[in-house]
Amino acid sequence: MFYREAGDFKTTYAADSQTFPIKFDRIGYYIALIVAFCVLPFMMNDYLVNAIFLPFLIYAIAAIGLNILVGYCGQVSLGTGGFMAVGAYACYKLMTSFPEVNIFIHIVLAGGVTALVGVLFGLPSLRIKGFYLAVATLAAQFFLVWLFNRVPWFYNYSASGQISAPERTLFGIAITGPNTQPWAVYLFCLVFLVISALIARNLTRGSVGRKWMAIRDMDIAAEIIGVDPLKAKLSAFAVSSFFVGISGALFFAVYLGAVEVGEAFGIQKSFLVLFMVIIGGLGSIFGSFAGAAFLVLLPVVLKLVGVDMLGWPTDIVAHFQLVIVGALIIVFLILEPHGLAQLWRITKEKLRLWPFPH
Amino acid sequence: MSTQESYVTADGRTIGPTVMEMKNITLRFGGVKAITDISFDIREGEIRAIIGPNGAGKSSMLNVISGFYIPQEGEVWYKGHKRPPMKPYEVAQQGIARTFQNIALFEGMTVLDNVMTGRLNHMKTGMLAQAIWKGKAEAEEVENREKVEKIIDFLEIQHIRKTPVARLPYGLKKRVELARALAAEPSILLLDEPMAGMNVEEKEDMSRFILDVNDEFGTTIALIEHDMGVVMDLSDRVVVMDYGKKIGDGTPDEVRNNQDVIDAYLGVAHD
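One line per chain: the protein sequences are A and B, in this order.
Counting in this note's numbering, the first sequence runs from -2 upward without gaps.
Counting in this note's numbering, the second sequence runs from 17 upward without gaps.
No lab work stands behind these hints: they were computed from the structure.
Backbone N, C-alpha and C define an ideal beta-carbon position, used for all residues, glycine too.
A hint or two may mislead.
[What the hints assert, rightly or not] Some but not every residue of chain B turned toward chain A, in silico, with C-beta under 7 Å:
hint, residue
1, K39
2, F122
3, L144
4, M244
[To be verified] Listed next, the in silico DSS-like pairs over lysine-lysine satisfying Cα-Cα at most 30 Å (straight line):
hint, chain 1, residue 1, chain 2, residue 2
5, B, K150, B, K178
6, B, K95, A, K7
7, B, K163, A, K228
8, B, K98, A, K228
9, B, K150, B, K140
10, B, K49, B, K140
11, A, K228, B, K261
12, B, K140, A, K7
13, A, K20, A, K7
14, A, K228, B, K189
15, B, K152, A, K347
16, B, K152, B, K219
17, B, K152, A, K228
18, A, K345, B, K178
19, B, K150, A, K228
20, A, K228, B, K103
21, A, K20, B, K152
22, B, K219, A, K20
23, B, K261, A, K7
24, B, K95, A, K228
25, A, K228, A, K7
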């Protein structure tokens, strides 16, 4: 009833292909943007930033990246953690080699480096598909982590084998290092997320996105309409890895500050981001947000309810989290492969008629 | 070989010079000869049918034209040039579009997006411009959308524009597939059994669409079809195949009176 698309007529094709074709959505989107940029920074404190907002913003970028590869192009990848590590180490090497260059540029360049590595590991996708490709990307995951552990050049020969982010500023405000302000790092990551989401949306609604989706739905038919499968798949790997690399760089430089590769970017990270994409919704940018928010908030909410309100031991609550995530994955794969995004879409379709059933 | 001068058919369409020529094509799968030494040509603006009993090699022939199979012997000449062996997507980029016997649509996408994929060869904006969207990419999208909408109008599928393809019935899917092929503005349109599995009414609709496409866009069409009545009514010239060999070639009337063709369809002992 109150959520309507009736009467919202389009008079140009450009208006018809905009991101939020329904006026109500558009207003909601602008409100969300205003709140995110103008209201939330004033409410930031250390707990909120470190427990909720930074992980959400950074994982949402990673989920958008992985969603492009898995959800839009249909190429399963288990190498997300490894590619995040590439972003982190590329960022670290750039930060320490060129200290005078802006941190913003370093992070974008780290994404570029990850895109190149992604293309390299995407090459097998031309020959192998589905399950077997997943195993090939798993190899990338383990190889990359091993590489960053074993080659001292990557961690600048430090004794601990860790990398830690030196202090860098943007407009005179510390973004990395020990002296950061919660609102500053929040805004910094938010800018990256908003730009990433816009780029991802623009790519997926145009001809590149259609090429990816054509490959996903039926690669033979895609070839017969003139899509070069190699180019389409590799471009998906490149764009996907670019976003994943940026998220890895932010994860290391802004969020953690110091990183041990096996711990921060291990196989669990790959699965975590994959779960976000599955729960949020394959082939949906909104789904990437929803999935990231869900999996970031779940442990926080569980801790709030379990430990603080019910007084259960912490370890039991932590185990509960694994059980719930596992059960949810099964439920979503069986009942709703398109995830939270599809549930939202169905809700909208229902709301369109509500409260009249017909 | 037929003459190269253009001529006008009885119903007023102009048939131009040869656009594609198959010269002595032989295709083997191991020891099995799917196609044996077949030559024929397709002329601009005509509707060319390939008919024959099951297993005659018709679909293999279409797959040779669209680049899925590379023949062991023989040459494919396209627009006056000998075509080197190429991948299906390169053939598509040269302006040959096709539909499949068992529909090959992108099930996860809407009808509109499916038809828009047909325009991919005409959309050249780089990835960077698309990431920015405003400006070049949006202009290109709108320009191609206009062309696609014309085809959607033409094939009368406006009402299902935003419907996911997976929800459509068979007959409409066939039409959407035709729309996607047409959106590419092909020089040659290959139709693999466009009327398979349809009832009489749907067949009539499809026949009308094929004739209209040929008439209005001047598209050259090569089609495979089992329904003899349809083939004889639609096509300008017919190639008849049996057991991988060409047994007849000519106008529907010539073919109908060809003794080999009658034998192949009514059945005599092959020796």
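The hints, checked one at a time:
1. K39: Constraint on B:K39 not satisfied, violated at 24 Å.
2. F122: holds (4 Å)
3. L144: For B:L144, the interface hint is violated, since the closest Cβ of chain A sits about 10 Å away, which is over 7 Å.
4. M244: violated (27 Å)
5. B:K150 <-> B:K178: holds (23 Å)
6. B:K95 <-> A:K7: violated (42 Å)
7. B:K163 <-> A:K228: Since the Cα atoms of B:K163 and A:K228 sit roughly 26 Å apart, the hinted pair holds (cutoff 30 Å).
8. B:K98 <-> A:K228: holds (26 Å)
9. B:K150 <-> B:K140: holds (15 Å)
10. B:K49 <-> B:K140: violated (41 Å)
11. A:K228 <-> B:K261: violated (38 Å)
12. B:K140 <-> A:K7: holds (26 Å)
13. A:K20 <-> A:K7: holds (11 Å)
14. A:K228 <-> B:K189: holds (28 Å)
15. B:K152 <-> A:K347: violated (37 Å)
16. B:K152 <-> B:K219: violated (41 Å)
17. B:K152 <-> A:K228: holds (21 Å)
18. A:K345 <-> B:K178: holds (16 Å)
19. B:K150 <-> A:K228: Holds - the C-alpha atoms of A:K228 and B:K150 are around 24 Å apart, at most 30 Å.
20. A:K228 <-> B:K103: Since the Cα atoms of A:K228 and B:K103 sit roughly 14 Å apart, the hinted pair holds (cutoff 30 Å).
21. A:K20 <-> B:K152: Holds, at about 25 Å.
22. B:K219 <-> A:K20: Violated. B:K219 to A:K20 sits at ~42 Å, over the 30 Å cutoff.
23. B:K261 <-> A:K7: violated (55 Å)
24. B:K95 <-> A:K228: Holds. B:K95 to A:K228 sits at ~27 Å (cutoff 30 Å).
25. A:K228 <-> A:K7: Distance ~34 Å between A:K228 and A:K7 Cα, so the pair is violated.
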